[in-house]
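Q: Chain residues, written in single-letter form:
There are 2 protein chains.
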Amino acid sequence: MTQVLALSGGIGGAKLAVGLQHVLPPGELTVAVNTGDDFEHLGLSISPDIDTLLYTLADLANPELGWGRANESWHFMAEIERLGGESWFRLGDKDLAVHIERTRRLNAGEKLSGITADFARHFGILSRVVPMSNDLVRTMVITDEGTLDFQHYFVARRCEPVVKGLAYAGAADAQLVPILREVADDPALQTIVICPSNPWLSIAPFLEMPAWRELLVEARAPVIAVSPLVNGQAVKGPTSKIMGELQLEQSSATIARFYEGIIDGFVLDKSEAHLAPEIGVATHVTATLMKTAADKQRLAREVLEFAGSFGKL
Amino acid sequence: MTQVLALSGGIGGAKLAVGLQHVLPPGELTVAVNTGDDFEHLGLSISPDIDTLLYTLADLANPELGWGRANESWHFMAEIERLGGESWFRLGDKDLAVHIERTRRLNAGEKLSGITADFARHFGILSRVVPMSNDLVRTMVITDEGTLDFQHYFVARRCEPVVKGLAYAGAADAQLVPILREVADDPALQTIVICPSNPWLSIAPFLEMPAWRELLVEARAPVIAVSPLVNGQAVKGPTSKIMGELQLEQSSATIARFYEGIIDGFVLDKSEAHLAPEIGVATHVTATLMKTAADKQRLAREVLEFAGSFGKL
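Order-wise, the sequence lines are chains A and B. Residue 1 is where the first sequence starts when you use my numbering, and the numbers rise one by one after that. Residue 1 is where the second sequence starts when you use my numbering, and the numbers rise one by one after that.
Keep in mind the hints are simulated off the structure, nothing from the lab. The beta-carbon is built from N, C-alpha and C at its ideal position, and this holds for glycine as well. Do not rely on the hints blindly, as some may be mistaken.
Unchecked claim - To spell it out: a stretch of chain A is covered by chain B in this simulated footprint if at least three of its residues, at any positions, have a beta carbon under 8 Å from a beta carbon of chain B; those stretches are: (1) 37-47; (2) 81-91; (3) 98-104; (4) 201-213.
Unchecked claim - Partial chain A-side listing against chain B, Cβ under 7 Å, derived: (5) S73; (6) H75; (7) F76; (8) K94; (9) H122.
So that you can see chain A by itself, here it is in the shape it has in the complex (with noise of 0.2 Å):
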C-alpha cells in the first residue's frame, strides 16, 4: 500500500522524502526519483539521484557534502588519479560498491527498478524507491559552449555555461517502471508530492515522458508541488541561475506556471507570499526551509494535510 508518491531528484527532494518517510506509517510512501542525470563514468552506470535517495532514506547519507556516504573514505579516487584516470566525478570508497554492483547486474540484464528495489532492502529503507523509468532519458544542457550531457554540465563545469535551453533525450519513447501504475491506481494513494526539486533539471525529464505526464493529469489523488525557491532563490544548486539565463522570473509563480494543467495545490515559502494570489491552484504558505529533521517532518506533515483538504479522492 501506498498513500503517497513523491517525485524527486537529488538532495532537495530527497529532504521533503525522508520527512514524509518519517511521518507516514512504514511503507506507506514511494519515491519515483529522476534517471535523467544518470551517466557511464570510468565503465560504470551511475544514478546519482537514486543513490541519494537512498542514502538519505537510509540515513547513510553526508550531510556536509549533500551527495555521497557519510564517514566517506577516498582511496580509490586518490589512485585513480596516481593513474592517470578522470577523477573530476567524484567516487567515495562506499558509495563505488553500488555503482560496481549496479553496473554488473544491469550488465546481466536486470532492470533498474530491481535492482533499487533490493538495494533498498538491503539498505533497510521500508519505503519504495523507484527510477522513473528502466529506460534510458537523458537530460542535455544547451549551452553556450555547446550540448553538454548534465554531469560534464553540472559537476565537471559547475554549471557555469549559460544554459540556453534544455533536452531530454529517450523522454518521449521512455516507459513508465510498471510498478509505478500500480501505485497511482492503488486506492490507498492519497497524493502526489512533487518534491521542491529543481524544475527543470528534475521533474521535467518526468513530464517529458508522456506516460508520467497522462498518469500525473489522470491521477484521482491530488498532486501537490513544493516550490524549491525561497524569496524568489533555490536554497541550493543552480536554479535560480538557469532561471534568469532561460529569460524565466525568479518566483515560485513561474514554478507554478511550469506546473500547470498538472497540479492541484502548491507549497511556497511564507517569503513569496505574496505571490499567492497569482498562482492558478490553491496554495498553502509555510515556512519550506528544511534544515533540521524536524523541519522536514513539519512540512511533510503540512503538505498531507493540504492534501487532505481537496475533495478529489
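For chain A, the structure is supplied; the task is to place chain B on it using the hints.
A: Then chain B, alone, in the frame of chain A:
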C-alpha cells in the same frame, strides 16, 4: 635496453623480480607476467599477477597478505557485502583503482600491455612489466569437483579440490606481446630468468604458448630457472599439494624435468643440494628462501653471476 628478462607468476616470482630490479641498473629488467590467472569479477577485468608485480616493484605491496596494497582499506568490500554482492574475492579500496581503470581502458579498445606499461609509469616503476600475452589465456583446473577457473579453485575453494590436471584455454593461439620479441632479440640481453613461481600454475601458461616456447628454446641468452621448492616444499601456495595430486615426486628434480629442453641452468636450495647430480643441466646451489630485501638481492646477484658463467652469448 634489457639485460634481464624474467618470467613470473605472483608473489614468489615478484620477490626475485624486485631483487633483480635492485641489483640491475635502472630500466634493465623486463618482467613478463602470467595472465592465466586473470579473470572477470564484478564486471571488472582483474589481473592478479600483473598487479602483484606492479605493487611489488613500486614498493606498494602488502607484505602481510602477499597480495594487494599496503595500508589498504576495505570500505568498498563491506558495502558490497551489505548489498548482497559477491565478496569471496577481496578487493581493497586502493586496489580497486587498477581494476576499474584497466577495465575501462580495455573496453575502450586498448591493449593490456599498453595499459600495464602506463600503470607502471604512473607507479614510478623503471622496470618494464609486460603481460605474457595480450590474448586471452585462462588456466583451468581440472579437479575431482569438476573443472574450475583458476580463481574459483585458488581463492573461492582455497585449493581444496584434488587436482587431476590443468588446461590453458587460449594458449595455443595466443601471441607474444611484440615488445617481448624485441627484448629477446636485444643484443644487450644477458639472461632469461624463470622466477621461483609455481611451474604448473604460473609458468606453464607461458610454455603452452608456442610463441613463448620458441622464444625460450631459441634464445641466445641462457635461460635460468629458480626452483620454488625448499626441502621439497613450496614456501607459499599449493605447489606441493598439486605435485602430490598429479603423482609427481615433490622435489626440485621434478621442477627441473618440467623445464627440460628450455633451461640452461637451474638454481636450487641448499636443502636439496643432494639432487644436483640428477638434474640434467648446470646447477647452482644456494639459499633460495627470500625473507628480507637482502635475501632477494643476494639471490638475484647469484642468479646473474650463475648466468654469466654460461658461454652461450
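Q: For every hint, state whether the structure bears it out.
A: Results for each hint:
{"no.": "1", "hint": "37-47", "in the structure": "holds (count 3)"}
{"no.": "2", "hint": "81-91", "in the structure": "holds (count 4)"}
{"no.": "3", "hint": "98-104", "in the structure": "holds (count 5)"}
{"no.": "4", "hint": "201-213", "in the structure": "violated (count 0)"}
{"no.": "5", "hint": "S73", "in the structure": "holds, 5 Å"}
{"no.": "6", "hint": "H75", "in the structure": "holds, 4 Å"}
{"no.": "7", "hint": "F76", "in the structure": "holds, 5 Å"}
{"no.": "8", "hint": "K94", "in the structure": "holds, 5 Å"}
{"no.": "9", "hint": "H122", "in the structure": "holds, 5 Å"}
Consistency note: the structure conflicts with earlier hint 4 alone.
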